[in-house]
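Novice: The chain contents come next:
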Amino acid sequence: MEKIKTIARPTLKTTACDAGCKECQTSCQSACKTSCTVANQKCENAKRR
Amino acid sequence: MIHKFKFKDIFLALDINSGAVHVVDDEVFRLLDGLENSSAKEALEKFSLVKSTAAKEVSQLIAQEMLFTDDSYITDKMKNNEDSVVKAMCLHVAHDCNMVCTYCFGEQGTFAGSKCLMSLEVGIKAIDYLIANSGSRRNLEIDFFGGEPLMNFEVVKKLVDYGREQEKLFSKNIRFTITTNGLLLDDEKTEYINQTMDNVILSIDGRPEVNDNMRKTVNGSPTYDVITKNYLNFVKKREGLYYVRGTFTRNNLDFAKDIEHLVNLGFSNVSVEPVVTDLKQPYALQETDRDKIFEEYDRLTDLYMEKMSKGEAFDFFHFNVDLEQGPCIVKRLSGCGAGTEYLAISPEGDIYPCHQFVGNKDFYIGNLFDTEIINKQRDKFLNASIYNKEDCRNCWAKFYCSGGCHANAINISGDINKPYKLGCELEKKRLECAIGIYAKTIE
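Line order of the protein sequences matches chains A and B.
Start counting the first sequence at 1; every next residue gets the next number (my numbering).
Start counting the second sequence at 1; every next residue gets the next number (my numbering).
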């Protein structure tokens with residue numbers, strides 16, 4: 001493409017499943033304790049990597 | 001839904017429901033004007049009338065589900081979290097503190113109760129409860145918190161030993177973390193923590209005058225000199241993850257200088273967060289501070305990129321965004337996990353949805369020593385997904401922030417499903433900076 005460069009692929013849909021594996025870190029156990037960001041958490045599902 | 005924004009000299013377009021991120025030229029950027037909440041069909045109809053390369057490329061991305069993607073793949077089951085697993089705990093091992101920080105949400109460590117330390121018996125009961133309620137989850141988390149957890153360090157050590165025994169018996173992997181104010185962080189504790197803790201949070205606000213204005217000892221003495229000495233000693237010996245973590249208030253809206261100060265001291269992992277407190281407090285952030293704070297995040301972005309270009313990169317917690325390998329959609333829907341997968345335990349064994357609710361009787365869940373713990377709060381927290389929050393449902397940042405902090409929502413608006421507005425604005429600003437930095441980095 002000339003006018004658009006994709007820098008992150010559309011991955012969210014591929015992660016969809018009913019319950020998730022829930023192995024990843026709980027947000028507030030990281031560094032915040034007062035403000036929640038989830039997109040900076042790492043996925044722990046080895047099958048996705 | 002899409003979100004578009006300018007970052008320095010580049011234009012970005014985010015496809016919210018797919019997670020795709022694009023750098024676009026100014027023509028495409030203008031073409032997307034006013035279409036933020038359009039469906040793919042509506043967008044395609046508009047572009048079918050435009051004969052240009054820009055329209056053609058946008059249409060191609062729509063067809064590939066990389067722009068204007070809908071959220072039909074998100075099922076009701078995903079939206080309604082029914083999982084009863086507990087996998088993370090915040091152990092308040094000390095409701096006592098050797099500091100008196102003006103903005104402390106724990107009321108100087110006591111959380112509206114009396115000063116006390118967690119007994120080994122309560123700590124063991126908490127670990128047993130965590131393991132018993134963790135289902136098939138292997139990775140569990142325990143944070144030693146306070147007050148000041150180093151004031152009860154012998155119990156911390158015994159609980160780590162106990163956790164290590166139990167994880168073997170039940171095939172779990174417990175990650176221990178600790179949050180400290182640093183006053184008691186001597187060589188012995190440094191060595192122990194560096195050997196056992198997966199992550200360590202070291203509290204400090206930044207420049208000496210900023211830190212000492214808010215963070216004093218119980219005798220009113222400044223703390224900066226003692227804690228920086230202890231932290232630098234600690235970090236020098238640490239191989240694992242750590243963050244120096246500060247709070248900024250209305251008194252230091254130039255907080256990028258505090259972050260720069262911490263980085264220049266030699267700390268490479270930094271998190272500085274907006275204070276959350278009663279809006280009547282003189283140091284509380286107000287809506288009118290928003291533009292000033294935005295400018296400060298821009299200054300921080302410049303500092304971050306300048307350091308990176310010089311080979312002196314540092315990690316700012318809120319500028320970390322994993323755009324392709326971050327959490328799954330279910331995690332992003334369910335949010336911080338407070339009151340569901342995450343619980344806080346007081347020194348007496350009382351259970352609360354998270355550390356910010358400890359001592360608030362309205363959010364008392366039960367006690368570890370009750371034979372049957374009836375969690376009347378659970379439904380409230382289980383149902384607090386982003387699709388049940390009107391403000392989140394239509395927000396472009398919903399899958400990045402996941403609905404924000406429940407405690408902030410309740411403290412400010414009185415409603416778990418009504419997020420703290422200024423907090424949302426700041427979160428969105430930080431996300432734009434983070435995504436923009438990533439785009440510039442790979443340019």
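Keep in mind that the hints were calculated from the coordinates and are not lab data.
Note that this is a predicted model, so its numbers are computed, not measured.
Where hints are given, some of them may not hold.
[To be verified] Now the stretches of chain B that chain A is said to cover, found in silico as 3 or more residues with beta-carbon under 8 Å: (1) 213-221; (2) 324-333.
[Unchecked claim] For the chain B half of the interface with chain A, some residues (derived, Cβ under 10 Å), not all of them: (3) 24; (4) 133; (5) 143; (6) 233; (7) 235; (8) 237; (9) 240; (10) 241; (11) 341.
Glycine residues also receive a C-beta, built at the ideal position from the N, C-alpha and C atoms.
Novice: Between the segment 213-221 of chain B and chain A, are there enough contacts, at least three residues with CB-CB distance under 8 Å, for the coverage claim to hold?
Specialist: That given contact is violated, which follows from only 0 residues of the segment 213-221 of chain B lying within Cβ reach (below 8 Å) of chain A.
Novice: Given residue 240 of chain B as an interface hint, is its Cβ closer than 10 Å to any Cβ of chain A?
Specialist: 13 Å, violated
Novice: Are three or more residues of the segment 324-333 of chain B within 8 Å, CB to CB, of chain A?
Specialist: holds (count 9)
Novice: Against chain A, run the beta carbon of residue 233 of chain B and see if the smallest gap drops under 10 Å.
Specialist: Hint on residue 233 of chain B: violated, closest Cβ of chain A at ~20 Å, above 10 Å.
Novice: So, as I understand it, the hint says residue 341 of chain B touches chain A; can you test that by seeing if any CB pair is closer than 10 Å?
Specialist: 6 Å, holds
Novice: Taking the closest Cβ pair, is residue 143 of chain B under 10 Å from chain A?
Specialist: With Cβ-Cβ at 5 Å, under 10 Å, it holds.
Novice: Minimum Cβ distance from residue 235 of chain B to chain A below 10 Å?
Specialist: 14 Å, violated
Novice: Do the numbers back the hint for residue 241 of chain B, that is, is its least Cβ distance to chain A under 10 Å?
Specialist: Residue 241 of chain B check passes; min Cβ-Cβ to chain A is 9 Å, inside 10 Å.
Novice: For the hint on residue 237 of chain B, does the least C-beta distance to chain A fall short of 10 Å?
Specialist: 20 Å, violated
Novice: Taking 10 Å as the limit, does the beta-carbon of residue 24 of chain B come near enough to a beta-carbon in chain A?
Specialist: Nearest chain A Cβ about 5 Å off; hint holds.
Novice: Against chain A, run the beta carbon of residue 133 of chain B and see if the smallest gap drops under 10 Å.
Specialist: 12 Å, violated
Consistency note: the structure conflicts with the earlier hints numbered 1, 4, 6, 7, 8 and 9.
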